[in-house]
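Student: Listed here are the chains, written in short residue letters.
Number of protein chains: 2
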Amino acid sequence: MNYPNGVKKQQKQNINYKNRGMCLEDDLNETNLYYRQQDIAYIYKKPTPIQITKVDYPSREKAIIKEAYFKEPSTTDYNGLYKGYYIDFEAKETKIKTAFPLSNIHPHQIEHIRNGIRHGGICFLIVRFTFQNETYLLWGEDFINFLDQTKRKSIPYTYFKEKAIEIPFMYQPRLPYLTIIDKRIGGHYENEKNGG
Amino acid sequence: MNYPNGVKKQQKQNINYKNRGMCLEDDLNETNLYYRQQDIAYIYKKPTPIQITKVDYPSREKAIIKEAYFKEPSTTDYNGLYKGYYIDFEAKETKIKTAFPLSNIHPHQIEHIRNGIRHGGICFLIVRFTFQNETYLLWGEDFINFLDQTKRKSIPYTYFKEKAIEIPFMYQPRLPYLTIIDKRIGGHYENEKNGG
Chain A
1 MNYPNGVKKQ QKQNINYKNR GMCLEDDLNE TNLYYRQQDI AYIYKKPTPI
51 QITKVDYPSR EKAIIKEAYF KEPSTTDYNG LYKGYYIDFE AKETKIKTAF
101 PLSNIHPHQI EHIRNGIRHG GICFLIVRFT FQNETYLLWG EDFINFLDQT
151 KRKSIPYTYF KEKAIEIPFM YQPRLPYLTI IDKRIGGHYE NEKNGG
Chain B
1 MNYPNGVKKQ QKQNINYKNR GMCLEDDLNE TNLYYRQQDI AYIYKKPTPI
51 QITKVDYPSR EKAIIKEAYF KEPSTTDYNG LYKGYYIDFE AKETKIKTAF
101 PLSNIHPHQI EHIRNGIRHG GICFLIVRFT FQNETYLLWG EDFINFLDQT
151 KRKSIPYTYF KEKAIEIPFM YQPRLPYLTI IDKRIGGHYE NEKNGG
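Protein chains in written order, with my numbering: chain A, 1 to 196; chain B, 1 to 196.
Bound conformation, chain A alone:
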């Protein structure tokens, strides 16, 4: 659970949803659902990868997984299609005020982002600093440049301020990140595409 700057402990019962937003994953799921419902883009969060080791079949139709383990993801969590472009990103939030720890991103995911860029995909990170309650889109290229130029174990908040683009928090969709993609591909964001 993430509380915005200034929300004190005793106020937690009385969360101000207007300013707060839910967790980043919820915000992105709602955003992607909106984009799908408006026929704008088809971007999904991939299911959590697990290793299933035991399944029960109490009836012919129903299977219950009785034992399974979380696996390390080999790709980023989100991918999909927008205006013919392959879209691929990882989303993370951090409570740390001054930097985004790179331990949040698995080595496989970094490799996946490198590969995606090299093969013509639009790849990026969406990072929320929960203390500031700010959400940034950092292009994969800038992320990789950072990794290749330093040996730091975290990306300073100031790097986001300088290089990344802040995604405003809106009513609908909550995190209109495709507006930023549009500027990159030179397209026009057709919000009312299907009159919807």
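One or more hints might be untrue.
Which copy? The list can't say, so a pair holds if one copy fits it or any two copies do.
Here are the simulated DSSO-like cross-link-like pairs (lysine-lysine), alpha carbons at most 27 angstroms apart as the crow flies [stated by the list, open to error]:
(1) K62 - K92
(2) K92 - K54
(3) K46 - K71
(4) K46 - K95
(5) K62 - K95
(6) K151 - K97
(7) K153 - K62
(8) K66 - K46
(9) K163 - K45
(10) K183 - K71
(11) K92 - K45
(12) K161 - K66
Since the hints were made in silico from the structure, they are not lab data.
Please arrange chain B on chain A, whose structure you already have, making use of the hints.
Tutor: Positioned in the frame of chain A, the structure of chain B alone reads:
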């Protein structure tokens, strides 16, 4: 388990891997792994979507899923990136000799294929008829045309013979389906891209 045409029950212990191949999913996983290792394409099978209802934490680091249920997929199983194109497909095998039952594909997946085509993705089905031991790539457009023109509950094998492209079974990669994509996008298949 799928046995090729002519393999009798008593022969099952002595499977001829050369002619048989493994199940379609294994063949595709190996194919996609080969494409990744050769830096040709980054196409993955999505994890199986599940609803987790109970998790144990016997230690700080380790989580064991103790109860979970399979969810109906809302997208196709495979997607990824090839030469800047968004690739999306569903793969199924059928033991039925004369037709591919449409009950194999969920309504959500059909909708997903329609959406993918409309937004400029390269979408298709890979269907294996295990009796004939033949694997076909059917373009999403031909699949959707079939659905929109008939009310049949299955696609006849003859429709595949006529409209789909057979994917040869090879040594490496096992199912070189990107060769077919190349013909569509007019590119040249760079098998030795990285000298690999």
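Student: Decide, hint by hint, whether the structure agrees.
Tutor: Do the hints match the structure? See the list:
Taking the shortest alpha-carbon separations for K62 and K92, only the inter-copy value of 21 angstroms comes in at or below 27 angstroms, while the best intra-copy value is 34 angstroms. For the homomeric pair K92 and K54, the shortest alpha-carbon distance between copies (24 angstroms) is at most 27 angstroms, but the shortest distance inside one copy (31 angstroms) is not. With identical chains, the CA atoms of K46 and K71 are at most 27 angstroms apart both within one copy (13 angstroms) and between copies (13 angstroms). Proximity of K46 and K95 under a CA criterion of 27 angstroms is satisfied intra-copy only: 24 angstroms inside one chain copy versus 29 angstroms between copies.
Taking the closest pair of Cα atoms, K62 and K95 come within 27 angstroms of each other only across two copies (23 angstroms); inside a single copy the shortest separation is 40 angstroms, beyond that limit. In this assembly of identical chains, K151 and K97 lie within 27 angstroms of each other by CA distance solely inside one copy; the values are 20 angstroms within and 59 angstroms between copies. With identical chains, the CA atoms of K153 and K62 are at most 27 angstroms apart between copies only, with a shortest distance of 24 angstroms across copies and 46 angstroms within one. Taking the shortest Cα distances, K66 and K46 sit within 27 angstroms of each other both inside one copy (22 angstroms) and across copies (21 angstroms).
Proximity of K163 and K45 under a CA criterion of 27 angstroms is satisfied intra-copy only: 25 angstroms inside one chain copy versus 33 angstroms between copies. For the identical chains of this complex, K183 and K71 are neighbours neither inside a copy (36 angstroms) nor across copies (36 angstroms), given an alpha-carbon limit of 27 angstroms. When the C-alpha separation of K92 and K45 is checked against a cutoff of 27 angstroms, the pair qualifies both within a copy, at 13 angstroms, and between copies, at 23 angstroms. In this assembly of identical chains, K161 and K66 lie within 27 angstroms of each other by CA distance neither inside one copy nor across copies; the values are 46 angstroms within and 42 angstroms between.
In this structure, the hints that do not hold are numbers 10 and 12, in rising order.
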